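Participant: Spelled out from the first residue to the last, the chains are:
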Amino acid sequence: MRPLHTVVAWAVCLFGTYCLAEPAFAADTRDDRVTVLEQKLDRSLKLIEQLTDRVKELEAQRAATAAAAQTAQPPAAVVAEPSPQTQQRLDSVEQQVTQLADAAASRGGGGAGVPLHGFFDVGIGNHTANNPDLKGANMGGLDIFLNPQLGEHTRSLFELTFEVNDHGSVQPDLERAQLGYQFSDAATIWIGRFHTPFGYYNTAFHHGQQIATSLRRPRFILFEDQGGVMPNHTVGAWLTGADRLPDGKLTYDFFVGNGQTISSGSIDMRSGGVDSGGAIYGGNLGYVFGETLNGLKIGVSGFRSRITDDQLAGRITRVDNVGVYFAYDTDRFEHIGEFYRFNDTDLIIRGPAHRSSAGFLQLAWRLPIATPYVRYERAELDQSDQFFALQNQGMSYYRAALGLRFDLDPKSALKLELGRTKDTDRVIEQWTDAMLDYAIRF
Amino acid sequence: MDMITALDSNRARAHCALFLVLTLPCVALTLPWTPAAGGPLAPAEHANLLDRLPQSWRDDHGQILRVPSLQGRRVFVTMAYTSCHLICPMTMQRLIDIQRDLDARGTNAEFLIVSYDPNNDDPVAWRRYRVSHGLFRDNWHFLSGTRSDTERLARLLNFEFWRDGDHVMHDFRIVALGSDGAWRGAIDSAHRDWQALL
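Protein sequence lines, in the order shown, are assigned to chains L and R.
Anchor point for the first sequence: position 73 equals 304 in my numbering, and the numbering is continuous, going up by one each time.
Anchor point for the second sequence: position 28 equals 23 in my numbering, and the numbering is continuous, going up by one each time.
These aren't lab readings, by the way, just hints derived from the structure by calculation.
Just so you know, not all the hints are guaranteed correct.
[Claimed, not checked] So the derived label-pair ranges between C-beta atoms look like this:
#	chain 1	residue 1	chain 2	residue 2	range
1	R	57	L	344	35 to 45 Å
2	L	422	R	114	20 to 30 Å
3	R	141	L	598	36 to 46 Å
4	L	516	R	67	48 to 58 Å
5	L	364	R	141	47 to 57 Å
6	L	403	R	114	29 to 39 Å
7	R	186	L	368	26 to 36 Å
8	R	47	L	398	49 to 59 Å
9	L	524	R	158	17 to 27 Å
10	R	47	L	370	37 to 47 Å
11	L	564	R	114	16 to 26 Å
As the structure is a prediction and not an experimental result, all values here were calculated from the model.
Beta carbons: idealized from backbone N, C-alpha and C, even for Gly.
The task is simple: from the sequences and hints, build the whole structure.
Facilitator: This is the structure we're talking about:
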């Protein structure tokens, strides 16, 4: 008597042999089906040819009838016009076909799902881009970008980043999550978490470094968790749009949202809701030049926010900010300048307003082989203003930078930057950065 | 007894190995298999693509361009938008190169430049673009259509694009159609040689 495992082994072997034979049968079946389909196709083609000939014949007859009717007096007017009902049905079918095609187009290919896009960059240098205490190779953020089209008017945008913090651990962050309703080209309302529309840079460029010309953002408008001192994100509602003028375009933004708080030395936009403090609200008006000064945009922006902090319960600092900006963006140049004034008040003490300012000017030249750029930044931030004093990076500074961007292909860029930074209050120190960054999008 | 058990065990292992040798190729044969792409994506190489494109576009003169009117002519199609300053200038330069080579060969072709951003690229914007870039040839048509027509054309000719605020993220791509409206080839970031398409 054979042991059981031997019997089992023979059984599976026989099963394997059966499996080997099965594709052969399947192949035969496929061949048969292909033959049948080919025959059907041949018959269909013949039928189409016959129908085509018949249509030509009928058209010839109709033309002859029309010619005869034209020559005969009085005209017989017997050419078959479609009845109103038939015409109505034809129109209805045509409309349905168009709607189906449009719906398929708006779904982006039907069944393909939501396209996944993203950005990533990796750098190396004697300092990292945003922290002078670190050096060597460093990973930037993996920025996952989704903007599914939900309907004719409904818009959505999600930006999920995986960032490496100063301790080397990876942190996910939902940087933007906004749902919008587009009334027309002139007005879209967004609700959710969005980039606060102050100035130009903050809404023109996001966490993906590949789309920005420079290697890093101006320091004072770095994102909140990277050391920026501006409320770059707002959770609330945002009305935005543009109106065409005879020679240009007027752009506008109005927004309102949760007032931020300063927590552990950085700005928290309070995505989960507000328990104390107040709101942030503001707007941005811009003008995009048309024929004359084509490529130039100028604008003004402002916001007011009531900001709490984790150092003194009940303290609210009212932050008033106004800014002016320009961007000159052409095939040859990308020049950007922004300047902001702060006028902040501690609403508990009711003392004098604290005035601060910050700005930058960046000039870039798009040459055939590379894009060199220079940038100068300056921030004079009042250290008696709790809004800045409580932020880890809320010190005054200046920075001069010289950079070079190589576009290796449309989806990847190599950037070099040499910068000199000096902190001018709190702790006075200065350093030189030499960095390289490889940024891609997909 | 131990020896017999060991022999049986070895035999069972041999049978299992034989089973694997026989069945694994069968499993591999039954798996779905997709051939690797060998060149720029060709949506339907033998179809008359010109017939399948959205048929009506507005040009930079404000006139309607009917695609069927291009039947019988060779056509180069690309997509661009007027406020693009990174990739589109490269695309225009490549179209200029193609036009120069066609002229040298005494060959005619129509160039269709379709906007990725029809909301902003109206005839005035395209006209301004044409003038500022010195692209005055009559066979160059700067076109805008409806959003759905734009997406349909992009899908038919494999122009991948997506919106990121004011930016339109897209690639460098030019599609060549023959005088029969059929696919001739495409130039993109990975396939830059256009001589074969002339």
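Participant: Next step is simple, just say for each hint if it's right about the structure.
Facilitator: Outcome of the hint check:
no.: 1; hint: R:57 - L:344: 35 to 45 Å; result: 38 Å, holds
no.: 2; hint: L:422 - R:114: 20 to 30 Å; result: 21 Å, holds
no.: 3; hint: R:141 - L:598: 36 to 46 Å; result: 37 Å, holds
no.: 4; hint: L:516 - R:67: 48 to 58 Å; result: 51 Å, holds
no.: 5; hint: L:364 - R:141: 47 to 57 Å; result: 53 Å, holds
no.: 6; hint: L:403 - R:114: 29 to 39 Å; result: 33 Å, holds
no.: 7; hint: R:186 - L:368: 26 to 36 Å; result: 33 Å, holds
no.: 8; hint: R:47 - L:398: 49 to 59 Å; result: 55 Å, holds
no.: 9; hint: L:524 - R:158: 17 to 27 Å; result: 26 Å, holds
no.: 10; hint: R:47 - L:370: 37 to 47 Å; result: 44 Å, holds
no.: 11; hint: L:564 - R:114: 16 to 26 Å; result: 25 Å, holds
Going through the hint list in order, the structure satisfies each hint without exception.
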